[in-house]
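Trainee: As a plain string of letters, each chain reads:
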Amino acid sequence: MTPPSAEQWQALFEPRGVVVAGASTHPGKFGFVALHNILRHDYSGAVFATNREGGDILGHRALTSVEDLPEGSVDLVFVCTPAAANPELLKACAAKGVRAAFVTSAGYGEAGEEGRAAERALVELASELGMLLAGPNGQGVVSTPASLCAQIVAPYPPPGGIAIVSQSGNFVSSFQNYAVQTGVGVSRAVSAGNAAAVTVPDFLEYFSEDDETTVALAYVEGVTDGRAFFERIHGVARRKPLVLLKGGVTTGGQRAAASHTGALASDERIFDGMCRQAGATRPANVEEAFEAAATFATQPLPRGPRVAVLTTAGGWGVVTADAVARAGLELLRLPDDLRAAIDGKLPPRWSRNNPVDLAGAETRDTIPEVMELIASHDAVDAVVYLGIGIQSNQARLMRTGPFYPDHGLERIVAYHERQDERFAHAAADISEATGKPILTATELAVADPENAGPRAVRATGRVCYASSNRAVTALAHLYRYARFRRRRGL
Amino acid sequence: MTRADTRTLSEHESKRVLAGAGVPVLDERVVDTPDDAARAARELGADAPVVVKLCGEGVAHKTERGLVRLGLRGDDDVRAASRAVLDAATPDDGDVSVLLAPMVRGSRELIAGVARDPQFGACVMVGIGGVLAEALADVAFRLVPIERVDAEEMLDDLGTQALFGPVRGEPAVDRGAVVDVLLALSGLADARPDITSVDVNPLVVVDGRPIAVDALVEVRA
Numbered sequence: 000m001t002p003p004s005a006e007q008w009q010a011l012f013e014p015r016g017v018v019v020a021g022a023s024t025h026p027g028k029f030g031f032v033a034l035h036n037i038l039r040h041d042y043s044g045a046v047f048a049t050n051r052e053g054g055d056i057l058g059h060r061a062l063t064s065v066e067d068l069p070e071g072s073v074d075l076v077f078v079c080t081p082a083a084a085n086p087e088l089l090k091a092c093a094a095k096g097v098r099a100a101f102v103t104s105a106g107y108g109e110a111g112e113e114g115r116a117a118e119r120a121l122v123e124l125a126s127e128l129g130m131l132l133a134g135p136n137g138q139g140v141v142s143t144p145a146s147l148c149a150q151i152v153a154p155y156p157p158p159g160g161i162a163i164v165s166q167s168g169n170f171v172s173s174f175q176n177y178a179v180q181t182g183v184g185v186s187r188a189v190s191a192g193n194a195a196a197v198t199v200p201d202f203l204e205y206f207s208e209d210d211e212t213t214v215a216l217a218y219v220e221g222v223t224d225g226r227a228f229f230e231r232i233h234g235v236a237r238r239k240p241l242v243l244l245k246g247g248v249t250t251g252g253q254r255a256a257a258s259h260t261g262a263l264a265s266d267e268r269i270f271d272g273m274c275r276q277a278g279a280t281r282p283a284n285v286e287e288a289f290e291a292a293a294t295f296a297t298q299p300l301p302r303g304p305r306v307a308v309l310t311t312a313g314g315w316g317v318v319t320a321d322a323v324a325r326a327g328l329e330l331l332r333l334p335d336d337l338r339a340a341i342d343g344k345l346p347p348r349w350s351r352n353n354p355v356d357l358a359g360a361e362t363r364d365t366i367p368e369v370m371e372l373i374a375s376h377d378a379v380d381a382v383v384y385l386g387i388g389i390q391s392n393q394a395r396l397m398r399t400g401p402f403y404p405d406h407g408l409e410r411i412v413a414y415h416e417r418q419d420e421r422f423a424h425a426a427a428d429i430s431e432a433t434g435k436p437i438l439t440a441t442e443l444a445v446a447d448p449e450n451a452g453p454r455a456v457r458a459t460g461r462v463c464y465a466s467s468n469r470a471v472t473a474l475a476h477l478y479r480y481a482r483f484r485r486r487r488g489l
Numbered sequence: 000m001t002r003a004d005t006r007t008l009s010e011h012e013s014k015r016v017l018a019g020a021g022v023p024v025l026d027e028r029v030v031d032t033p034d035d036a037a038r039a040a041r042e043l044g045a046d047a048p049v050v051v052k053l054c055g056e057g058v059a060h061k062t063e064r065g066l067v068r069l070g071l072r073g074d075d076d077v078r079a080a081s082r083a084v085l086d087a088a089t090p091d092d093g094d095v096s097v098l099l100a101p102m103v104r105g106s107r108e109l110i111a112g113v114a115r116d117p118q119f120g121a122c123v124m125v126g127i128g129g130v131l132a133e134a135l136a137d138v139a140f141r142l143v144p145i146e147r148v149d150a151e152e153m154l155d156d157l158g159t160q161a162l163f164g165p166v167r168g169e170p171a172v173d174r175g176a177v178v179d180v181l182l183a184l185s186g187l188a189d190a191r192p193d194i195t196s197v198d199v200n201p202l203v204v205v206d207g208r209p210i211a212v213d214a215l216v217e218v219r220a
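From first to last, the protein sequence lines stand for chains R and L. First residue of the first sequence: 0, per numbering that gives the first Met the number 0; consecutive thereafter. First residue of the second sequence: 0, per numbering that gives the first Met the number 0; consecutive thereafter.
Since the hints were made in silico from the structure, they are not lab data. Check the hints yourself; a few may be wrong.
Said to hold, decoys possible - Label-pair restraints from in silico Cβ distances: (1) L/160 x R/484: 21 to 27 angstroms; (2) R/318 x L/59: 48 to 54 angstroms; (3) L/165 x R/445: 42 to 48 angstroms; (4) R/313 x L/186: 50 to 56 angstroms; (5) R/26 x L/160: 58 to 64 angstroms; (6) L/62 x R/246: 35 to 41 angstroms; (7) L/173 x R/360: 37 to 43 angstroms; (8) R/338 x L/165: 30 to 36 angstroms.
Predicted model only: the values in this text are computed from it and were never measured. Idealized CB from N, CA, C, for every residue including glycine.
Make a model of the complete structure from these sequences and hints.
Mentor: Next up, the structure:
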């Protein structure tokens, strides 16, 4: 099947108008929720709804038929009607100039032989009508450049560079929930449903050419034509980072085989090798998948594996150093000139090696100054910064206690919060100036998201990682992708 | 693919196919009688130790059945070992002969091979080899065809990296030479769609360089 044309993609992701077919007056029904979500998020185009009985839904007069749509005003139909009604619906929509359909209706390929026949017929019909067919049995499509939230689930993510496609609609929601939590936003998100016509690789290829997208994030279970899948994601990953979360890797198990090679050729190992060969990033789980994508979207690629850890306390640095080694990155030895430069900023009790442990010796300007010295040095490819938010955590105790604002508490609370904000901005600014990734991690990102430190990190558009381990894991994904590109002259 | 659809080439025939593709193999001889074996052993090197194995399309589980005799020196030993492996042959082994090869020493054994996956087609593999290869399962796969950089990264993927450095007085593994083996296997899988699988185990590292000491090629019948 040929992938959709540019015009059809435009109709799905940047439609001039949308019609919800099968809109319902009942707030528990998909046909209501879809219309609600489109209107709720201020979609920029025209919105129409159809309902056999007409009536008023969310202040919109429902049309009794698609035939009543104004000619050429609608590009996308969001289908919430029963499967049996859909062939006539698509024909009527095509006659009105609709070029894309997102079909939520169930009762297709997932529903036995009859459903599979109906699905084949629908695919054929859409193809004859020149209409892009997404789904069926999908949860919806989101496109933040168009303020489009055409989905029967929540949430609507902030705008950003991550494009999501999933064979399981609920993972679209999961990834978007992480986008809301971290503030690292989404360009497009789509649930592929049964992927009867438009497949996951089709969407990924579109994302790889899409100017609004900086990184593609996909969840896949089954792959129908492995070789074609490989060829296509290979092309995608050459253009942009691609994070590929695979479910069901352990189900295939070992094959009975005469040869050692055959016996060792499990689905998991072959899929893993295929991803490495294609340059696709393969995370171990959902949060790792999102954080890898969010890091690709917000940090520069490291030029090499050498990591410096900057911490305000010893133990954090030690476990982070362990994580760096485990992840296949390198904890660089501090060069003499860099050690001497840091000596100039701190009393002698700092660690004098990597991790750079300030050991509580920092004064007002130490953290931004030392961070700049480290990140600017040629021997350093990336920095992990730990310790943000500690003082704001204490400040919170003070602000919420009985002594506030007296006894000098008001002043010190404001100072601590200002400092943590400054550190967050320093990490982003120095990263930008040096072109090197600087990742900030603290459990306060989840323990107290409103802490001034994590809040300010989010305000810079970057992830505040919930642990140094997660920051290092994400950084290692960036390093491997950068190395893949470098080794192939990309 | 079920086993009935395929047949396994003899060890000698398998190695001939691999050598033709560029995989390093030993200088071997195949003979029918103990006397010919003794003569062949002298050709391989006056005093150098040799290995005698039973060779044939149906021969499997050679080590477990005592069909591999190592470190033989002199006519008498070679004759006796050859007679012993020939006598141990069963009707299931089919037509058999005796394979002689120089005895090589190397404490490191790799495994390399080709498998055809129902989803992804031909794949090439490398890993830590020997009789425990399957239990260790320290292996990396790629889809055929591979480029040099892919083969290099396959070696990087293996967990047991220390094995590639200098070990027990032996030099570091020549990674480029192992990469050449993988490229040869990839090329073979591409050129010969009738080959359903290749097993090179062990791929022994001798003075840092890989040599296919045992190999089986399976072809569509």
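Trainee: Using the C-beta atoms of residue 165 of chain L and residue 445 of chain R, is the stated range 42 to 48 angstroms upheld?
Mentor: Cβ of residue 165 of chain L to Cβ of residue 445 of chain R: about 47 angstroms, so the range 42 to 48 angstroms holds.
Trainee: Can you tell me whether the CB distance of residue 313 of chain R to residue 186 of chain L sits inside 50 to 56 angstroms?
Mentor: Because 54 angstroms falls inside the window, the suggested range holds.
Trainee: Take the C-beta atom of residue 318 of chain R and the C-beta atom of residue 59 of chain L, compute their distance, and say whether it sits inside 48 to 54 angstroms.
Mentor: Given range 48 to 54 angstroms: holds, Cβ gap about 50 angstroms.
Trainee: For the hint 37 to 43 angstroms, verify it against the beta carbon of residue 173 of chain L and that of residue 360 of chain R.
Mentor: violated (50 angstroms)
Trainee: Is 58 to 64 angstroms respected by the C-beta to C-beta distance linking residue 26 of chain R and residue 160 of chain L?
Mentor: Holds, since residue 26 of chain R and residue 160 of chain L (Cβ atoms, about 59 angstroms apart) stay within the stated range.
Trainee: Taking the Cβ atom of residue 160 of chain L and the Cβ atom of residue 484 of chain R, is their distance within the range 21 to 27 angstroms?
Mentor: Cβ of residue 160 of chain L to Cβ of residue 484 of chain R: about 23 angstroms, so the range 21 to 27 angstroms holds.
Trainee: Against the range 35 to 41 angstroms, how does the distance between the Cβ atoms of residue 62 of chain L and residue 246 of chain R compare: consistent or not?
Mentor: holds (40 angstroms)
Trainee: How does the Cβ-Cβ distance of residue 338 of chain R and residue 165 of chain L compare with 30 to 36 angstroms: does it lie in that range?
Mentor: Between residue 338 of chain R and residue 165 of chain L, where Cβ atoms are some 32 angstroms apart, the hint holds.
The earlier numbered hint that this structure contradicts is number 7, and it is the only one.
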